[in-house]
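Participant: What follows is each chain in one-letter form.
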Amino acid sequence: MEFVTPPPPPIRRLELEDVKAAQQVAPPAQNGNGNGSAAASPGGFTGARRSIGAPQFSIRRMEIDDVSVSYSDREAVKSVSLPVRQGEVLAMIGPSGCGKTTLLRSLNRLTELTSTATLRGRILLDDVDITQIEPTLLRRRVTMVFQQPNPFPMSVFDNIAYVLREQGSRRQRKKTLEPKVHSALDRAGLFEEVKDNLDHPALKLSGGQQQRLCIARALAAEPEVLLLDEPCSALDPQSTQVIEDLIVKLRDDVAVVIVTHNLQQAYRIADHVAFMYLGELVEYNSATALFGSPREQRTQEYVSGAFG
Amino acid sequence: MGAPVATPPAAPPPGGSPTKPGKAAVEGSATWRLTDRIGLAICWALGLLFCAIAVAIAVYLFLQGIKYLRPSMLVTPASAGFTQSESGGFSDALFGTLIVAVMGIAIALPIGIGIAVWLVEYGRPAGLARVTESTIEAIAGIPSIVLALFGTVIFSSTALGFLSRSSDGVVFGRSFFAASVMLSLVALPLVVASTREGLNSIPRHVREASYAVGKTKAATTRRILIPASRPQIATGAMLGLGRIIGDTAIIVVLLGATQNFAPVEGAAFPFNYLRGAGTTLTNFVYEASPTGNLNQPEKAYAAAFVLLLMVLALNAAVDVVHRRARKVGAWSS
Numbered sequence: 075m076e077f078v079t080p081p082p083p084p085i086r087r088l089e090l091e092d093v094k095a096a097q098q099v100a101p102p103a104q105n106g107n108g109n110g111s112a113a114a115s116p117g118g119f120t121g122a123r124r125s126i127g128a129p130q131f132s133i134r135r136m137e138i139d140d141v142s143v144s145y146s147d148r149e150a151v152k153s154v155s156l157p158v159r160q161g162e163v164l165a166m167i168g169p170s171g172c173g174k175t176t177l178l179r180s181l182n183r184l185t186e187l188t189s190t191a192t193l194r195g196r197i198l199l200d201d202v203d204i205t206q207i208e209p210t211l212l213r214r215r216v217t218m219v220f221q222q223p224n225p226f227p228m229s230v231f232d233n234i235a236y237v238l239r240e241q242g243s244r245r246q247r248k249k250t251l252e253p254k255v256h257s258a259l260d261r262a263g264l265f266e267e268v269k270d271n272l273d274h275p276a277l278k279l280s281g282g283q284q285q286r287l288c289i290a291r292a293l294a295a296e297p298e299v300l301l302l303d304e305p306c307s308a309l310d311p312q313s314t315q316v317i318e319d320l321i322v323k324l325r326d327d328v329a330v331v332i333v334t335h336n337l338q339q340a341y342r343i344a345d346h347v348a349f350m351y352l353g354e355l356v357e358y359n360s361a362t363a364l365f366g367s368p369r370e371q372r373t374q375e376y377v378s379g380a381f382g
Numbered sequence: 131m132g133a134p135v136a137t138p139p140a141a142p143p144p145g146g147s148p149t150k151p152g153k154a155a156v157e158g159s160a161t162w163r164l165t166d167r168i169g170l171a172i173c174w175a176l177g178l179l180f181c182a183i184a185v186a187i188a189v190y191l192f193l194q195g196i197k198y199l200r201p202s203m204l205v206t207p208a209s210a211g212f213t214q215s216e217s218g219g220f221s222d223a224l225f226g227t228l229i230v231a232v233m234g235i236a237i238a239l240p241i242g243i244g245i246a247v248w249l250v251e252y253g254r255p256a257g258l259a260r261v262t263e264s265t266i267e268a269i270a271g272i273p274s275i276v277l278a279l280f281g282t283v284i285f286s287s288t289a290l291g292f293l294s295r296s297s298d299g300v301v302f303g304r305s306f307f308a309a310s311v312m313l314s315l316v317a318l319p320l321v322v323a324s325t326r327e328g329l330n331s332i333p334r335h336v337r338e339a340s341y342a343v344g345k346t347k348a349a350t351t352r353r354i355l356i357p358a359s360r361p362q363i364a365t366g367a368m369l370g371l372g373r374i375i376g377d378t379a380i381i382v383v384l385l386g387a388t389q390n391f392a393p394v395e396g397a398a399f400p401f402n403y404l405r406g407a408g409t410t411l412t413n414f415v416y417e418a419s420p421t422g423n424l425n426q427p428e429k430a431y432a433a434a435f436v437l438l439l440m441v442l443a444l445n446a447a448v449d450v451v452h453r454r455a456r457k458v459g460a461w462s463s
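Chains A and B, in that order, are what the protein sequence lines are.
Using the working numbering, you'd call the opening residue of the first sequence number 75 and step up by one each time.
Using the working numbering, you'd call the opening residue of the second sequence number 131 and step up by one each time.
Same shape as in the complex, but just chain A:
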């Protein structure tokens, strides 16, 4: 079967029979790590990796320790263990419904908002079990950006100020908040674009700007970990690139965890990649290794576009 030998196009759909064929044929071809050039670039991931360089440092901030999450009786995440490090971008990839978003949401206890969800195992933030931390405090330390840009229906300024103010109060003066608001917008690379329109409604910004505002909002809480749930899936390629650059820039200040459907994106920005499938963590490895020479058969098939 000659479909294994030439470097296939980036995203490829194989017919069901071909998948079976791949499973039968692939093992001898891909077993062992350095097994020829075909295995080294399974999904056409050659040269696409942006010159982000190796991480300068990496500090372990969060520890996912044998975590399982179930909704009623359906287990969405099955005993996953992962480290989350500052100085690195961790990407979680996998087909829809594989539990990556659920795992991400359990990192700041957002899963607890779903009444049917139950979590087993431990998640540590700086060696403290997150269930020991008050949820609102935890969620200021581990903030999250969502798939859909969701600025609050108020001005650009107030979107950030809302985060800085005490619970719902309005007491703090605009003047005292201004420097912090500006710096949050600046870190998200948005300040130059909106500095003259800080009192415009945030929902009138473009989609990419809205998403960067959401990132600025998440950064305004001065978090230690930033969770991103497919932050670019609703955006155009140009905005996506701006946000990807931003994410890479942020990795030294906060530990970044990004869930993405987009394998190219994971390849471009991630230092480590976790591949999940049907709730299980199939493979966790550095991005180069996972895309270049995956250890697991399922990873190999997924990154080459055989399913997902």
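Since the hints were made in silico from the structure, they are not lab data.
Being a predicted model, the structure only gives us computed values, none of them experimental.
Virtual Cβ for every residue (Gly too), placed ideally from N, Cα, C.
There's no promise every hint is true.
[Unchecked claim] Sample of chain A residues with no beta-carbon within 10 Å of chain B, all distances over it, derived:
#1 Ser142
#2 Leu193
#3 Gln371
[Claimed, not checked] Derived lysine-lysine pairs resembling DSS-like cross-links, with alpha carbons at most 30 Å apart:
#4 Lys254/A x Lys323/A
#5 Lys347/B x Lys278/A
#6 Lys278/A x Lys248/A
#7 Lys278/A x Lys457/B
#8 Lys323/A x Lys278/A
#9 Lys278/A x Lys249/A
#10 Lys457/B x Lys248/A
#11 Lys269/A x Lys323/A
#12 Lys457/B x Lys249/A
#13 Lys323/A x Lys248/A
#14 Lys347/B x Lys457/B
#15 Lys254/A x Lys278/A
#16 Lys197/B x Lys269/A
#17 Lys269/A x Lys254/A
#18 Lys457/B x Lys254/A
#19 Lys269/A x Lys248/A
#20 Lys347/B x Lys249/A
#21 Lys347/B x Lys248/A
#22 Lys249/A x Lys269/A
#23 Lys323/A x Lys249/A
#24 Lys347/B x Lys254/A
[What the hints assert, rightly or not] With beta-carbon atoms standing in for the labels, derived distance ranges:
#25 Ser462/B x Asp270/A: 22 to 32 Å
#26 Asp310/A x Arg453/B: 23 to 33 Å
#27 Lys248/A x Glu327/B: 29 to 39 Å
#28 Glu327/B x Phe131/A: 17 to 27 Å
#29 Arg247/A x Leu178/B: 17 to 27 Å
#30 Asp310/A x Asp449/B: 30 to 40 Å
#31 Leu211/A x Asp449/B: 43 to 53 Å
#32 Arg247/A x Val205/B: 40 to 50 Å
#33 Leu211/A x Ala184/B: 56 to 66 Å
#34 Ala348/B x Ser189/A: 10 to 20 Å
For this one, chain A is given, so just place chain B on it according to the hints.
Facilitator: Frame of chain A; chain B shown alone:
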């Protein structure tokens, strides 16, 4: 007003056959089966009929109102007199309408928003939430005359004597307070329904975005959810106001349906009026119509015209609120 929803069953378009290239993109009703076309024609005719009725009411009252309404009527209270020129205007009724409208909605709005927030954002215990939901629907269905009768029982109790005229332990039970409280029940279901609609239209991830930066549920509700549903809340308030302004039964039974304000002697300023009986425009129209005690139809037309203007103004306000909400933008869900 219900505009016709579809194009009329027009004659087949010129060159109706779909042979012309680029013309067949829109399906014309001329190609439909006969039964479908008859159905469409009936719908169309009913829509037109409805418009015609509404326009007829508006035009008729408009003409009558302009003919009979004198500016002086808006500032002179009704008085006893043998001729129409001696019997004054309806300023007391106009103020009465304004008072019950303001007080009624001031009660209904916070309670309605509170109930809606609880139902949508908390909704637990689920059983209680279901019961509350059906209770509100039940209140919406109760005729206001029944609410009014129930109100007399409540407000005639000695414990609530301070809300109306009372002497020697006998409580009159009819006052602006009593009427406003029961009228707020008329507006409440509308406020609850539209506030719920507003809250439900906010995507889940917006709430979560607020929780995800460490905000509590209360802070999220107060600073994000209620401001975001402001257009719908305003709509509910306007619709509720319309119902309050238009209600007659509660006014007749619980406001005393006098011709003028009947302030309680010896009470401090606003309370002497609010504890006393009074009248509203709807009641004035009823009394001034040929069936009522006053029997001066010209003034009934004039008052009805003012009432109609108020309701139309509320409808226009709903439109403005919606248009402004569209300007702020919305989330993609």
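Participant: State for each hint whether it applies.
Facilitator: Taking the hints in turn, this is what the structure says about them:
{"no.": "1", "hint": "Ser142", "in the structure": "22 Å, holds"}
{"no.": "2", "hint": "Leu193", "in the structure": "16 Å, holds"}
{"no.": "3", "hint": "Gln371", "in the structure": "35 Å, holds"}
{"no.": "4", "hint": "Lys254/A x Lys323/A", "in the structure": "19 Å, holds"}
{"no.": "5", "hint": "Lys347/B x Lys278/A", "in the structure": "26 Å, holds"}
{"no.": "6", "hint": "Lys278/A x Lys248/A", "in the structure": "22 Å, holds"}
{"no.": "7", "hint": "Lys278/A x Lys457/B", "in the structure": "9 Å, holds"}
{"no.": "8", "hint": "Lys323/A x Lys278/A", "in the structure": "26 Å, holds"}
{"no.": "9", "hint": "Lys278/A x Lys249/A", "in the structure": "24 Å, holds"}
{"no.": "10", "hint": "Lys457/B x Lys248/A", "in the structure": "25 Å, holds"}
{"no.": "11", "hint": "Lys269/A x Lys323/A", "in the structure": "21 Å, holds"}
{"no.": "12", "hint": "Lys457/B x Lys249/A", "in the structure": "28 Å, holds"}
{"no.": "13", "hint": "Lys323/A x Lys248/A", "in the structure": "29 Å, holds"}
{"no.": "14", "hint": "Lys347/B x Lys457/B", "in the structure": "27 Å, holds"}
{"no.": "15", "hint": "Lys254/A x Lys278/A", "in the structure": "22 Å, holds"}
{"no.": "16", "hint": "Lys197/B x Lys269/A", "in the structure": "58 Å, violated"}
{"no.": "17", "hint": "Lys269/A x Lys254/A", "in the structure": "13 Å, holds"}
{"no.": "18", "hint": "Lys457/B x Lys254/A", "in the structure": "29 Å, holds"}
{"no.": "19", "hint": "Lys269/A x Lys248/A", "in the structure": "15 Å, holds"}
{"no.": "20", "hint": "Lys347/B x Lys249/A", "in the structure": "27 Å, holds"}
{"no.": "21", "hint": "Lys347/B x Lys248/A", "in the structure": "24 Å, holds"}
{"no.": "22", "hint": "Lys249/A x Lys269/A", "in the structure": "15 Å, holds"}
{"no.": "23", "hint": "Lys323/A x Lys249/A", "in the structure": "28 Å, holds"}
{"no.": "24", "hint": "Lys347/B x Lys254/A", "in the structure": "24 Å, holds"}
{"no.": "25", "hint": "Ser462/B x Asp270/A: 22 to 32 Å", "in the structure": "26 Å, holds"}
{"no.": "26", "hint": "Asp310/A x Arg453/B: 23 to 33 Å", "in the structure": "29 Å, holds"}
{"no.": "27", "hint": "Lys248/A x Glu327/B: 29 to 39 Å", "in the structure": "33 Å, holds"}
{"no.": "28", "hint": "Glu327/B x Phe131/A: 17 to 27 Å", "in the structure": "51 Å, violated"}
{"no.": "29", "hint": "Arg247/A x Leu178/B: 17 to 27 Å", "in the structure": "59 Å, violated"}
{"no.": "30", "hint": "Asp310/A x Asp449/B: 30 to 40 Å", "in the structure": "34 Å, holds"}
{"no.": "31", "hint": "Leu211/A x Asp449/B: 43 to 53 Å", "in the structure": "45 Å, holds"}
{"no.": "32", "hint": "Arg247/A x Val205/B: 40 to 50 Å", "in the structure": "47 Å, holds"}
{"no.": "33", "hint": "Leu211/A x Ala184/B: 56 to 66 Å", "in the structure": "58 Å, holds"}
{"no.": "34", "hint": "Ala348/B x Ser189/A: 10 to 20 Å", "in the structure": "19 Å, holds"}
When the structure is compared with the earlier hints, violations turn up for hints 16, 28, 29 and for no others.
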